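Residue numbers (our numbering), protein chains in the order written: chain A, 1 to 542; chain B, 1001 to 1189.
Source of the hints: derived by calculation from the structure; they are not laboratory data.
Mixed in with the good hints there might be a few duds.
[What the hints assert, rightly or not] Beta-carbon label-pair distances, calculated as ranges:
1. E481/A / R1026/B: 56 to 64 Å
2. A65/A / P1176/B: 55 to 63 Å
3. D1069/B / A248/A: 42 to 50 Å
4. S1044/B / G219/A: 36 to 44 Å
5. R1144/B / D332/A: 26 to 34 Å
6. L27/A / G1093/B: 33 to 41 Å
Just so we're clear, the structure is a prediction, and the values are computed from it rather than from any experiment.
Idealized CB from N, CA, C, for every residue including glycine.
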Amino acid sequence: MQFSISSEKLAEVFPAFFIVDQAGHILDFGPAIARHLPSIQTGDPIEAHFTGIAGVATGNSDALAHKLGRTLELHSVENGLILTGAIIPDAGRYLLALNLATASLNVASVTGHNLPTALQISDFTPGDATVDVLLLVQIQQALLHDAEALATSLERERRRNEGLVERITRLAGFLAHDINNILSVIALSAERIASLEPGNHQTKRIATIIAETADRGSGITRSFMAISREGTEKCTPQSADELINQQAGFFSAIVGSEIILSTNLCAATARINVAAGDFVNCLTNLLINCRDAIATSGSIEIATRVLPASASKPAERLEITVSDNGAGMTDDILQKVFEPFFSTKERGNGLGLPAVAEYLSDCGGDVLVESSPGFGTKVSLNFPLVAPASISCAYDISDCESTLVTNPPQPTPEVPIVLVVEDEPYALEALVEMLEDEGFEVWPAGSAEEATAKLDAEISRSKKPDILLTDVILPRITGIELAKAATSKTPSLKVILMSGFVPEADAIREGWLFAAKPLNSEKLLHLLRSPTKLAEEIGGSS
Amino acid sequence: MASVTIGGNPLYGMVHNGIRAMAVERLGEKEWLRIEREARIGPSEFIGLTVYDDAMTFRIVQIAARALDLPLDACLRQFGRHWIIFAQNGSFGAIMDFTGNNLISFISNLDRMHRAVAATMPGSSLPSFTIHHQCATSLSILYRSDRIGLEQFVIGLLEGLLEKSKTAGSVHHNGPIENGCQQFTILLN
Chain A
1 MQFSISSEKL AEVFPAFFIV DQAGHILDFG PAIARHLPSI QTGDPIEAHF TGIAGVATGN
61 SDALAHKLGR TLELHSVENG LILTGAIIPD AGRYLLALNL ATASLNVASV TGHNLPTALQ
121 ISDFTPGDAT VDVLLLVQIQ QALLHDAEAL ATSLERERRR NEGLVERITR LAGFLAHDIN
181 NILSVIALSA ERIASLEPGN HQTKRIATII AETADRGSGI TRSFMAISRE GTEKCTPQSA
241 DELINQQAGF FSAIVGSEII LSTNLCAATA RINVAAGDFV NCLTNLLINC RDAIATSGSI
301 EIATRVLPAS ASKPAERLEI TVSDNGAGMT DDILQKVFEP FFSTKERGNG LGLPAVAEYL
361 SDCGGDVLVE SSPGFGTKVS LNFPLVAPAS ISCAYDISDC ESTLVTNPPQ PTPEVPIVLV
421 VEDEPYALEA LVEMLEDEGF EVWPAGSAEE ATAKLDAEIS RSKKPDILLT DVILPRITGI
481 ELAKAATSKT PSLKVILMSG FVPEADAIRE GWLFAAKPLN SEKLLHLLRS PTKLAEEIGG
541 SS
Chain B
1001 MASVTIGGNP LYGMVHNGIR AMAVERLGEK EWLRIEREAR IGPSEFIGLT VYDDAMTFRI
1061 VQIAARALDL PLDACLRQFG RHWIIFAQNG SFGAIMDFTG NNLISFISNL DRMHRAVAAT
1121 MPGSSLPSFT IHHQCATSLS ILYRSDRIGL EQFVIGLLEG LLEKSKTAGS VHHNGPIENG
1181 CQQFTILLN
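Could you put together the complete structure from these sequences and hints?
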């Protein structure tokens, strides 16, 4: 059978064809050859550009005829191109019907790494499966590249978020400290006003309002401090009911005055192993979501109960539910609520619920969200309970204070001398006035350096203070460092630390006392008048 | 105003990535995040070769068009042009080069490339492009798709290909012909 075909049509079927004469000189070639071997010219002996046809240039026509009926394989001497195909004789010429060989191809060759120009689909015969293989390899590479880019992007977001959270928690701590100082001044000054006119009921009433408002403010700052300690506190057995009650003021402030926040706490004796700051932050995230789900007014309830063991959960656990009567969520949104960065809110960052889920997982618990459009949302947190035998006495400043309150103060036989160190001038003034009114001799100091100078001067005159009442946070030298130095000079010195921050337990020495800011004068006076163990042993003032 | 008929055929995440790239380039990251919230989508809607419901994709396009202050058809046309740049500059650049380095070879091999992509995405529905007729001054292209209403997007794609191959010309939509195909003509300068 004979037929004729134009070079153009031949090029479509065999893009890498050659037509050579019997001496092996190139008469024509396909577009793939022109693209990848631009040095080839018509008239060139094919042997000059490829290996695989030996002896052609010497005019040995048998060399080509010898290849008839066999697969021809040509290797380019210029680059990695390998061509395979057949030799077809045609009226004194030969058609080399060639295709790019799969053996020479890899991804690098497709991208041009070892070819002058990258390969293209048009370099292959139609239907050559090599094209599909190469496309799939390239798609795989594209997917890997996208996955790497996504992982990098997520890591960048994670670090940015971590940095932001760290800055916010530090800011919360600083704000809490400064606000507590201010509230202390307000509370003490309110007491001073009331004491100036003891018979004036209106003055007393106003002073009481000021003091109670300062106390409510201190509830909020305590929550700020709890948040600022997130991640650094150790987990200890705690009562969720107590933690929730302590943060009541803060939680109410979070949800706002238009929303009724109620609690139904039925697990007073149950203990869970948590750090207070992390626990508060977890509930804060949920309350913010509830608040945002309520358009104008509505209600939110926090409830606790102990769930008994069951077939699927072999141990008792504490269930804390936070429910609202807001808009509720559709099923498609509900499925995504734990996806990081997913949010339907204008200013949402989509990290609240994922953080809650991660927190519960770290605690050994789990979280369930139930919601329905128009019927609100309920989030159930399940915490494993701490076994009663493993509950030990945890360091808790409030416990210390309450213990002291139950012990009746012992009157001091002589006028005790109090070295008061406070860098906030108005707070120092209020303290000095209050203590002097209560019969103390007061040595005021506005800094640790000033206190040390005063102490050294008085010691040289054989006079020593009985009590050191110092703020913890002081410029340059902390109150704790001051107390350590002072007690080394005066071992019988009673130390009372004041701060909005609760110091770490290992920073405080045995026998030292702590007064939380904002100060309450009744509690402070009790601490000042109460005996210390050290004082009792020495037989000093009691 | 263009109307798009959603035939229940899914599009893939790379399209969402393309829309996002265009919106971020023109409106900024912050505005794009607002579009995401309005469209109720998140990171899981941007996985490149995962198929998504058409309705979601077109919701994103409609919201983006509003944000860009464009009629939907104009937005689709601009997105078509942007799509070529986005695909070329992204992870699919090597695939684009392999498909063809000039206008005619690219369009001629596009169906073959789409077949390979479709092999990795079961359930996807990719369009077909065929060069129906060509001469020195024009190309006649047949476009076939299960979706209706994307003609402006196709015009944008072809304009983008002209730009990519540094070929001067204009694109015209001639309308439907038999077998459900749409005919487009590229007039070459």
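Consistency of the hints with the structure:
1. Between E481/A and R1026/B the beta carbon distance is about 58 Å. The supplied range of 56 to 64 Å therefore holds.
2. For A65/A and P1176/B, the Cβ-Cβ distance of about 56 Å falls inside the hinted range of 55 to 63 Å, so the restraint holds.
3. Between D1069/B and A248/A the CB atoms are about 49 Å apart, so this pair conforms to the stated range of 42 to 50 Å.
4. Between S1044/B and G219/A, the C-beta spacing of about 40 Å keeps the proposed range 36 to 44 Å intact.
5. Between R1144/B and D332/A the CB atoms are about 32 Å apart, so this pair conforms to the stated range of 26 to 34 Å.
6. Look at L27/A against G1093/B: about 38 Å separates their beta carbons, and that is inside 33 to 41 Å.
Checked against the numbered hints above, the structure breaks none of them.
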